[in-house]
Structure formats: C-alpha cells, structure tokens
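Visitor: Each chain is listed here by its residues.
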Amino acid sequence: MIFLLMRRLVQTALILLGVAAITFLLLYALPADPARMIAGRSATAQTVANIRHELGLDQPLLAQFWAYLKGLTEGNLGRSYAQKTDVGALIAARLPATLILMAAGIFVEVLLGLFLGVIAAVRRGGPVDRFVMMASFVGVSAPQFVAALLLLYVFAVTLAWFPMSGFGTFAHVVLPATTLGILGAGWYARMVRSAMIDVLNQDYVRTARAKGLSSARIVFRHALPNALLPVIAMIGIDIGQFMSGVVVVEAVYGWPGIGQLAWQAIQQVDIPIIMGVTLVSALAIVLGNLVADVIAPLIDPRIRAR
Amino acid sequence: MRILKSMIRQPSALFGLAIVALVILMAIAAPLIAPYSPNEQMFDGLTLEGAPMPPSAQFLLGTDTLGRDLFSRLLFGARTSLVIGLVANGIAVTIGLLIGILSGYMRGLVGNALMRFTDLMMAFPALLLAIVLAALLRPSLWIVAMVIALVNWVQVARIVYTETRGLVERDFILAERSLGAGHVRILFHHILPHLMPTAIVWGTLGIATTVLLEATLSFLGIGVQPPTPSWGNIIFESQSYFQAAPWLVFIPGAVILLTALSFNLVGDALRDILDPTQRGRG
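Keeping their order, the protein sequence lines are chains U and B.
Going by full-length UniProt numbering, the final residue of the first sequence carries number 306, and the count climbs one at a time with no gaps.
Going by full-length UniProt numbering, the final residue of the second sequence carries number 282, and the count climbs one at a time with no gaps.
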C-alpha cells in the first residue's frame, strides 16, 4: 500500500511536470505578446523591448522554463504581469470561493443523482424510469451557460428569490451550485441506475427478498452500498472537472473564484496566472483520481483483498 | 438499414433522428428557408426606442439588438455548428483512433510513450485549455474546430486503446499472425473493423460535446466571431439584454440543447444496437 502510494505520488509529479511543459510551450508559441499587452497600443518598440527584458521574456525558451521550474520547486508560481503580485497568493485568495462552489455543486448532483438513479432502477422499465432517463439526457446535453442564465432569469430576475450575482451569503451559492448540480446529476443518475440494476439482479438480493425483508431495507441497506463504488470514482473525477470547469458558471454569476481569475488573466495575456491556474487544476484532477483510488478499498473490502 | 430499422422502433432514438435530420436540413437549405439575410440590419427591425422586437408575424422569432432577424440567424448558425461539429469531431475521432490503436497494438517504447502521453492529456483541464487556446489565437471557424479537436480526442484514444488490447489477445489475431500476416494487414483488416462500432458511436456522441463546446467558446466571445452567426455568439451578443429580451437568449439556448440532446440520443441508441452487451445499462 505504502509502495503503491509512493508510486502514485511520483506519477503525479511527472504528470504535473508534463502539464507544465506543454502549457509553457503552448503559451510561448501562441501569437499573443504579453509585453505589448502591458505596454499598451501606443508604446514604442523600445518600451516593449524593455518590458520584455524586465519579465525575462527575451531569454531562450529553455532558460525561461528552467527558471519557472526552479521557482515551482520552491513553491513559487511566479508574479502576475498585470497585477504585479505573487500568483500563488492570488490563487490562494480565490481558492476558497471555488472550493465552496465545488462542494455545494457536488452535494447537489450526488443527492439528486442518487435519488433519481435509485427510483429509476427500482421502477425499471416503467414511466418513472423513462422520465428519469430522459431528464438525465437533457441534463447532460444542456449548455451550462444557458442553464445558468435560465435559473438567473427565473429565480433572480422574475421571482427575485436569490441575488443576481456575488458572493458572501448562503443565498448567493444556491443558483450557481444548482446550475452545476442539476446538469451533473444526469451522469450520476445514469450510473447509479445501471449499478443498482446489476446489484438488484444478484442472488443475495433475491435471498434477502425471500427472507421477507421490506423492499426499502433491501434497496437502501443491501443494494445501495454495493452500487456506490462508481459514485466515489465519479466524485473524484468531478473534483478535477469542477476546478477547471467553473469558468463559465463563475463568469455568469460573478463568483470570485479561480475560474474568474483565469478568465481575467486570459483576457490580459497574464501568462503566469494562466500557468498557475492550469497547474492547480491539473493537480486537482490528479488528486481527485488519487483520492478516489485510495478511498475505494477503504469502503469496499473486495478491492482491499486484491 | 438494419440499424435504421431498430432505431425507428425506439421512440427516443426516433425523436433524436428526426431532430438531427431537421438540423441538417436547416443548415443545407438555410438560404432557401431564411426570410431575411442573416446579417441584414433592418431599420424596421427595432422598436422606436431602439430595442429588439419580440416574436411576431413579420419576424417569426423576433429580432436581435442590431435589428437582425433571429430566425434567419439561427438557420445560418446551424451551418456553423454542424460544420464545426463534423470537422472537429471527425479530426478528434481520427486522432483518437490512430493513437489508441497504435498504443494498444505496439508493445514497447512507442506504445508506452503514446499511452503515457494520453494519460498526461487526461490530466489536462480540457475546458481551460480550450478557452486559453481560443482566446489567444484570435479564432476563425477553423481554428475553433482545431482547438476542440485538440481537447476531445483523448477520451476516444483511451477507449480504443482498451479495446485494441483486448483484441490483440484474441485467438483469431494469433491465427492471422501465425499465417504470416504483416502488421499492416492485421491492423487494417482485422483490428480496425472491430473498432468501427466504437468509432461510429463516439463519432455521434462527440458531435453533441463539440456543439456544446463551440457554443460555450462563442458565448464567452472567443469562439466563432460575429457577424458570422453561431448559436453561441447569438447569445453572447445579447446576454446583457437578456432581462428585457429573454427570447434572444433562450430560443438559441433551446436550439443548442435540442441539437446536443438529439445527437446524444442517436449515439446512445447506436451503442445499444452495435454493442448488445451494453443494452439497457445506460
């Protein structure tokens, strides 16, 4: 176990190194010029050259990358071009907001997905099942920004139950979390349904039925725990997806998380911030998978035995 | 033919197929159906206060903030979405097939390196990557398609890799090899045909993902650039107006949803038909 964990940590480090290298190369190769962006349209060639020198952009690619990596080993993500502050500090300031949104969104989608998936599996083939399957298809096919604008229109503009945008109270988190949750719930509902159908067809469930147990007890006590494993893996994946996928929702709701930070940085060609957010997101993706892999054997003795 | 027949028997697949056909028809016949030119700013297309007009007999779905006919723009937008959907997803599936099949078939250094690269791309925040690339490249239609292809091939590669690994172990491949068949013959005559169902299913499901991603990029203002109409940039152009003119956001939104939903339904039905072991598992 320890050995396995060590191996995974080394893999994680290598993947992050790869992500850093590819992102660095892409940002270097793209035609956008940060120095010109900072200098403004009317700047002379001399000013632009000075800024380029100041930022170290006149160095060869490998030297720049090496300097960046050296910073990384010291936990230094570099300095923002536009905001002139430490990227690590900027991200750390925005991270809590994104984590709150992520936790709330995952909470909504897991709850909704479990509920829908279980009733669909129990009522397999009936109208309830067909409705849930169709609804989950609609959920996974809906563009996030349209769902966000629709919720905003109905619940913030027309009914005025929730604020339009911003951050701070519980009311602020409801609409963005619901947007993420109802769309993501489709995946969970489909997965829980198929896992539940597999489990409900197994012999031990038939035995439980034969013993005369109530169907609620069979479903929740006997079947559901065995259908939860894919849900855990899915939550692991979602942790990573949400970290980089919240750009749109944060933009629509004015949520001050790292998605918004990244979006501003992209418009200003603020490369250190783009690099930083990409790395943090990649880290979240890898850690999410890692956590799912570590938790799975803890809750399921069958995997531990292998 | 057999596939078409079994699809028509399922109501949801039939619905998906009908909408897909309708969208394709919209895209092809846009100039014939559209009542106005999509970029014409009509001086009777705005109210006296200069606001967009709600749906009426003259403008079926209303007009946008510049007095252009929304229905005509949606028709031409179907072209944008479909072209990007087909091109981007076609490239993504081709790259995915190629990398998946090679990494699954070739043991040793090359196969391993390809798979490690795929793993690396799996850890890449895809949406963020697409946004960064699209924003910094000053996109045209083709660049948007390339960006989408670049982030969407990974999943296909993963699945094709797993299937190829399974196929290579099978007896009929061993038999072929002992008969002296070369790598090229085994790959193209024996392994590739077995992967076609996967390619067809992902070629369909992927269009839904692609349409959504294009709409998202265009909604952020970094996808297809106005005045070329795309469903996403129609919403982008009118989002600040959405409280006063909600139809400008929600009609294109509904069109995007219906299109993605239909491709998903058709893809899912294809998976059921082409791979009976997956039937009913969702």
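Rather than coming from a laboratory, the hints here were simulated on the basis of the structure.
Certain hints may be false.
Derived CB-CB ranges, DEER-like [said to hold, decoys possible]:
#, chain 1, residue 1, chain 2, residue 2, range
1, B, Gly-221, U, Ala-89, 25 to 35 Å
2, B, Arg-165, U, Gly-168, 49 to 59 Å
3, U, Ala-89, B, Ala-18, 47 to 57 Å
4, U, Gln-264, B, Glu-49, 32 to 42 Å
5, B, Gly-221, U, Asp-58, 28 to 38 Å
6, U, Leu-5, B, Ala-181, 54 to 64 Å
7, U, Thr-47, B, Tyr-241, 46 to 56 Å
8, U, Tyr-28, B, Gly-221, 17 to 27 Å
Negatives, chain U to chain B, calculated, CB over 12 Å [stated by the list, open to error]:
#, residue
9, Thr-44
10, Asp-203
11, Ala-251
Where is the CB? At the ideal position from N, CA and C, for every residue including glycine.
Visitor: Mind verifying the non-interface call on Thr-44 (chain U)? Its CB should be farther than 12 Å from each CB in chain B.
Guide: Holds, because the least Cβ-Cβ distance between Thr-44 (chain U) and chain B comes to about 24 Å, which exceeds 12 Å.
Visitor: Take the C-beta atom of Thr-47 (chain U) and the C-beta atom of Tyr-241 (chain B), compute their distance, and say whether it sits inside 46 to 56 Å.
Guide: At 39 Å between Cβs, range violated.
Visitor: Confirm or reject the claim that Leu-5 (chain U) and Ala-181 (chain B) have a C-beta distance inside 54 to 64 Å.
Guide: With Cβ atoms ~44 Å apart, the hint is violated.
Visitor: Gly-221 (chain B) and Asp-58 (chain U), beta-carbon distance inside 28 to 38 Å?
Guide: holds (31 Å)
Visitor: Take a quick look at Asp-203 (chain U) and tell me if its Cβ sits farther than 12 Å from every Cβ on chain B, holds or violated.
Guide: The claim holds: Asp-203 (chain U) sits with its nearest Cβ about 19 Å from chain B, beyond 12 Å.
Visitor: That 49 to 59 Å hint for Arg-165 (chain B) and Gly-168 (chain U) (C-beta), does it hold up?
Guide: The hint (49 to 59 Å, Cβ to Cβ) holds, given that Arg-165 (chain B) and Gly-168 (chain U) are roughly 51 Å apart.
Visitor: Okay, Gly-221 (chain B) versus Ala-89 (chain U) on CB: inside 25 to 35 Å?
Guide: holds (29 Å)
Visitor: Could you tell me whether the CB distance from Gln-264 (chain U) to Glu-49 (chain B) stays inside 32 to 42 Å?
Guide: holds (34 Å)
Visitor: Going by Cβ atoms, does Ala-251 (chain U) stay more than 12 Å from chain B at every point?
Guide: violated (7 Å)
Visitor: So does Ala-89 (chain U) sit 47 to 57 Å from Ala-18 (chain B), Cβ to Cβ?
Guide: Given about 54 Å between the Cβ atoms, the range holds.
Visitor: A range of 17 to 27 Å was offered for this pair. Does it hold for the Cβ distance of Tyr-28 (chain U) and Gly-221 (chain B)?
Guide: holds (24 Å)
Going down the numbered hints, you'll see the structure goes against 6, 7 and 11, while the others check out.
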